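K.L.:
If you want the building blocks of each chain, they are given just below.
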Amino acid sequence: MKKPSIFGRLLMALVFIFLYAPIAVLIVFSFNSSKSRTVWTGFTFDWYVKLFQDTTIMNSLYVTLLVSVLAAVIATVAGTIAAVGIYNMKRSQRNAILALNNIPVINADIITGVSMSLLFVSAASVLTKLSLALSQLFGAKINLSFDLGFGTLLIAHITFNVPYVILSVLPKLRQLDNNLFEAAQDLGATWLQAFFKVIIPQIRPGIVNGLIIAFTMSIDDFVISYFTAGRVQTLSMTIYSMTKKRITPEINALSTLLFIVVLLMLIIINVRQASQEKKLKKNSSRSNELNEIIEYTKI
Amino acid sequence: MRRRYLAAVPHVIWMAVFVVVPLILVVIYAFTSATGGFTLENFKNMGSYMNVFVRSLWLAFLATIICLLIGYPLSYVLSKEGPGMQRVFIMLIMLPMWINFLLRTYAWMSILENTGLINRLLSSLGIFNLINRIFGTNITYIPLINTQGAVVLGMVYNYLPFMVLPIYSVIVKIDPSLIEAAQDLGAGSFTVFRRVILPLSLPGVLSGITMVFVPAVSTFIISKLLGGGTSILLGDLIEMQFLGNAYNPHLGSAISLIMMIIIMICMYVMNKFGEGEEQAVIM
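Same order as they appear, the protein sequences are chains A and B. Numbering of the first sequence is given in my numbering, commencing with residue 10 and proceeding in unit increments. Numbering of the second sequence is given in my numbering, commencing with residue 6 and proceeding in unit increments.
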């Protein structure tokens, strides 16, 4: 195919300026010596120092990382197991389960969040009434109820992560040669051994992608957390409550740091993939990661 | 092991409890009042929010169209780059998605404010002085923020990658020999585009449209930050009923239910529209 025209290059330049202008502003003003976010008053590293002393931000960062890691790991294990089950289903059953699986992927975040908060609030109020009745019955204080908090936040995150893991593991299972599993068993492997030594290594790229996607979905989520976290605050929620008043440049500093980390990660992943692809010299040279993300777009 | 499908059972139970039951609760709440009886009052009360429905759909529609008008040519141009460059550009398109979207939107506030970067730039270039002298006006800034335009801009900014990625992925998979065949058969570049590339990329366009429209129609932050509360959207309305001052989960559920139905109708239309083309995306 012929090279892009001048018009094409111009379009690309404009779009990338559009995409990166706010990020550039964000980064530049993380070094601004005053709190203003529009007037440059001088260079400073103060906000980076203050960032690490700010307990609200640090706590919410901790909550975000913890919930993202836990949710991603749990969702990856659960999703992989579920994918194996779904793969072995009859076609009609499989389609039904996949339709169920797609609900959180397709549905608007706000509806997922709102509906789960309804579930948690209703469950909590039912349990409160139950505890009250039981307390009266046994004459002792029994409390089975719960508040919205880290637990409900984690459940919500696992719930919206698992479908993505399944969607990234299933295609890998489809590529798998069914005879491999039986061959391993014929050679004396138990079911578990065959699963861990034969199946898992074959589908590992799918599992790893699922893990990465689940983690980024979790870390980026605001809407669902907002409705399910109760009093616990994730980083997005802290930022949101700041936008109501004024965002401190500490947040700019934090996002600059995160930006650099993500940039480095992406560069490493891409360089690795590029070198792997050179080895494989496959025709379909698009990066795996991209393919996986595009998988989801096929609603 | 004949019963390997049992591995999916915990997942099905989990999804039933945490996805299906909550949605059923939304339906129940939508049709009940605070005292617990059946009512259609929630839907009647929604009438006064008709303007919010219209505005949400209209702004989301605008944002989707603009994303398509930018995203399609961009994907097309990207697909003509060398493989190395394609990888870099796709990475650059996805990179902003990893920055917290609240912060990205907030950064737009700094740019668009009355005393923001754009107005400062125009003012320091003397544009306002010039205009004031010519027209005898007395303006010191152009109102950019707290307008519906700013809300659409925020939507386009946040959801453009969702349009580019699916379209791009379909366009790069088009077999170049098909294009050559069309050219050999005498098609000009416009005909090649209209008769070969466009139909083959339609599935990507359709999923791009849904991926932009659904979050755009349900957003509740962008309008708050960039629209200045003057133009509340469906998402804001729902949020107010659940966590805001106007606490009324029954009305909120009714609005959510209607929004879900709108989204389902859109998806259905999209699927109908794209039928037959679907084979191309399913690998």
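The set of hints was computed from the structure by calculation and includes no laboratory data. All values derive from a computational prediction rather than experimental measurement. Heads up, a few of these hints could be off.
Unchecked claim - Below, simulated DSS-like cross-link-like pairs (lysine-lysine); rule was C-alpha separation at most 27 Å, straight line:
| hint | chain 1 | residue 1 | chain 2 | residue 2 |
| --- | --- | --- | --- | --- |
| 1 | B | K85 | A | K287 |
| 2 | A | K288 | B | K49 |
| 3 | B | K49 | B | K178 |
Unchecked claim - DEER-style ranges, computed between Cβ atoms:
| hint | chain 1 | residue 1 | chain 2 | residue 2 | range |
| --- | --- | --- | --- | --- | --- |
| 4 | A | I277 | B | L45 | 52 to 60 Å |
| 5 | B | I266 | A | S131 | 39 to 47 Å |
| 6 | B | L45 | A | R100 | 25 to 33 Å |
Positions of the beta carbon are idealized from the N, C-alpha and C atoms, including for glycine.
K.L.:
Are the hints correct? Go through all of them and say.
P.N.:
Verification of the hints:
no.	hint	verdict
1	K85/B <-> K287/A	holds (20 Å)
2	K288/A <-> K49/B	violated (64 Å)
3	K49/B <-> K178/B	violated (49 Å)
4	I277/A <-> L45/B: 52 to 60 Å	holds (57 Å)
5	I266/B <-> S131/A: 39 to 47 Å	violated (22 Å)
6	L45/B <-> R100/A: 25 to 33 Å	violated (41 Å)
The structure fails to meet hints 2, 3, 5 and 6 from the earlier list, while all remaining hints are met.
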